[in-house]
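K.L.:
Residues per chain are reported as follows:
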Amino acid sequence: MSAPVSKLQATLQAGQFVVTAEIGPPKGTNIEPAIHEAEKYLKRDSIAAVNVTDIQTAVMRASSLVGCKLLLDRGIEPVLQMVTRDRNRLALQSDLLSAYILGIRNVLALTGDHVTMGDHPGAKAVYDLDSVGLIQAMSNLEKGTDMGLDMKGNPNKLDGSPAFLKGCVVTPCADCVEPQIIKLEKKVEAGAQFCQTQAVYDPAAFEKFMKQAEHIRVPVLVGIVVLKSAGMARYMNANVPGVVVPKAILKELADAPKDGVQKKSVEISAGLIRDMKPMCQGAHIMPLGWDHLVPQIIEHAALL
Amino acid sequence: MIVAERKPLEEILGTVTPYGKVLVLGCGSCVTVCLSGGEKQAEELAVILNLAARQKGLKLQAEFDCIMRQCDKEFVANLKKDPKQYDAVLSIACGVGVGFMSEQFPDVPFLPGLNTTFHGAGSAPGLWKEYCHGCGDCLLAWTGGICPIARCAKSLINGTCGGTKEGKCEVSKDIDCAWYLIYKRLEQLGRLDQYRKLRPPVHWGKDRSAGPRRLTHKELAEIQEVTKQ
Chain G
6 MSAPVSKLQA TLQAGQFVVT AEIGPPKGTN IEPAIHEAEK YLKRDSIAAV NVTDIQTAVM
66 RASSLVGCKL LLDRGIEPVL QMVTRDRNRL ALQSDLLSAY ILGIRNVLAL TGDHVTMGDH
126 PGAKAVYDLD SVGLIQAMSN LEKGTDMGLD MKGNPNKLDG SPAFLKGCVV TPCADCVEPQ
186 IIKLEKKVEA GAQFCQTQAV YDPAAFEKFM KQAEHIRVPV LVGIVVLKSA GMARYMNANV
246 PGVVVPKAIL KELADAPKDG VQKKSVEISA GLIRDMKPMC QGAHIMPLGW DHLVPQIIEH
306 AALL
Chain Z
13 MIVAERKPLE EILGTVTPYG KVLVLGCGSC VTVCLSGGEK QAEELAVILN LAARQKGLKL
73 QAEFDCIMRQ CDKEFVANLK KDPKQYDAVL SIACGVGVGF MSEQFPDVPF LPGLNTTFHG
133 AGSAPGLWKE YCHGCGDCLL AWTGGICPIA RCAKSLINGT CGGTKEGKCE VSKDIDCAWY
193 LIYKRLEQLG RLDQYRKLRP PVHWGKDRSA GPRRLTHKEL AEIQEVTKQ
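Note that the protein sequences, when read in sequence, are chains G and Z. If you want the numbering used here, it's the 1-based position in the first sequence plus 5. If you want the numbering used here, it's the 1-based position in the second sequence plus 12.
Just chain G, with the same shape it has in the complex (with noise of 0.2 Å):
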């Protein structure tokens, strides 16, 4: 095995329970709260890393990139999220190379949401990439050559290449989850070597994909999205594709008096990861903007 280019990357390896946070830039150049929040909220040893999305839900903010550089100075080790919606591969390998450069040595690949989910349903898509591109081009850069092609031919030459943690995501609870499991394996054979899920809520369907994917050798971090109301609830099952949030959960929410969601909320996301640590290697904790409650659901699931 060779040595770990992250604290991620080394947590993994030491076959720990891993924990993953989230922050998302901000729409605007007011960035120095979400920074903070992270700081105070997130920078701790029961978190190994934390993601910062790239123009989440195809609505325009700040970058990914930036983000992941504000972290690391102040001693917080990103994941780089890199969707392919929006920038083709030239744009891709650049910020690669550049996130490198910065000292950025997680990534996480994704498609990306479409530009018509977003508030610029104008825009021009991109998907030069897809996710498995985005991986590819990843290991090639590792490799020392890009994308492109010389005189002869031959793979560019890199002056200088980088080593990352390739991360993928996946979709455990999809309707139909062949194809999640199939896309998964292909991610793998490109590179990915550490996966971070869609939102769960149900154990048992969790467990009932992690039985189908147990042939794929990379950790599998289950994603916990923090129910804020049984509203949010009740708007992901209808809109969000693969998120299933249960009827018992959303009655837990929805019964919890006004001044303690946020402890219900605690207990759910507590309760999700404390039921489904013994199927797989750590949970990816997306608090979406509740950083001040990611301490107490690491407490409450044991994890400390």
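Please note that the accuracy of each hint is not assured.
Simulated restraints on C-beta separations [to be verified]:
hint: 1; chain 1: Z; residue 1: Thr228; chain 2: G; residue 2: Lys12; range: 56 to 66 Å
hint: 2; chain 1: Z; residue 1: Gly138; chain 2: G; residue 2: Asp264; range: 54 to 64 Å
hint: 3; chain 1: Z; residue 1: Gly138; chain 2: G; residue 2: Asn159; range: 50 to 60 Å
hint: 4; chain 1: G; residue 1: Val64; chain 2: Z; residue 2: His229; range: 32 to 42 Å
Note that these hints are calculated values from the structure, not bench results. The beta-carbon is built from N, C-alpha and C at its ideal position, and this holds for glycine as well.
Got chain G; can you put chain Z on it based on the hints?
P.N.:
Chain Z only, in chain G's frame:
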């Protein structure tokens, strides 16, 4: 076939208003089949334009004609009306027809009456769907005859994204998830191995990325040269 739909009348009126005598020119091929730009639609549009002109007090006078194909020199001779006798031609062919005909009549303004939308086929009565994107490098051999470039909103080549739900695309419940269709078809054909195969990135140079494309049949060009001599 090429599928097209008529532009909104207000937009058409906006482009023809500066002209007096206008020929509405239909095309007898694809756009006749998709009920947008055939002879019948040319006649109807001429009537509508004349009515609108009367109501709005415009000098516009529309007549109509139609040829079998506006994208083929052979059929230009079949025009019953001479475009040069008009101030403008409102072509209700696809964009190919408008462009090609304006090349044949460089002194006459050719205006588009349709928006050319996609390469498709009628998949149910009154419904045309996109089947091909014209990417220049056909992938249908390994996708069960279902094109992921044209029919997946993200043109993905290695399988479904996370936005698929009950066989539909995240973009709209009216759009089938192409990769769900491909999965089902390959499963039916016993060829899921083709779904599993890792595909390299698409060479978009064969698409529009390397500029306008052309097709040359050298032998045909040579025969024409000899015939001329």
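K.L.:
Hints first: check each against the structure and report whether it holds.
P.N.:
Hint check results:
A C-beta distance of roughly 58 Å is found between Thr228(Z) and Lys12(G), which places it inside the suggested range of 56 to 66 Å. Taking the beta carbon of each, Gly138(Z) and Asp264(G) are about 55 Å apart, inside 54 to 64 Å as hinted. In this structure the hint that Gly138(Z) and Asn159(G) lie 50 to 60 Å apart at CB holds, the actual value being about 54 Å. As the Cβ distance of Val64(G) to His229(Z) is approximately 49 Å, the hint placing it in 32 to 42 Å is violated.
Checked against the numbered hints above, the structure violates only hint 4.
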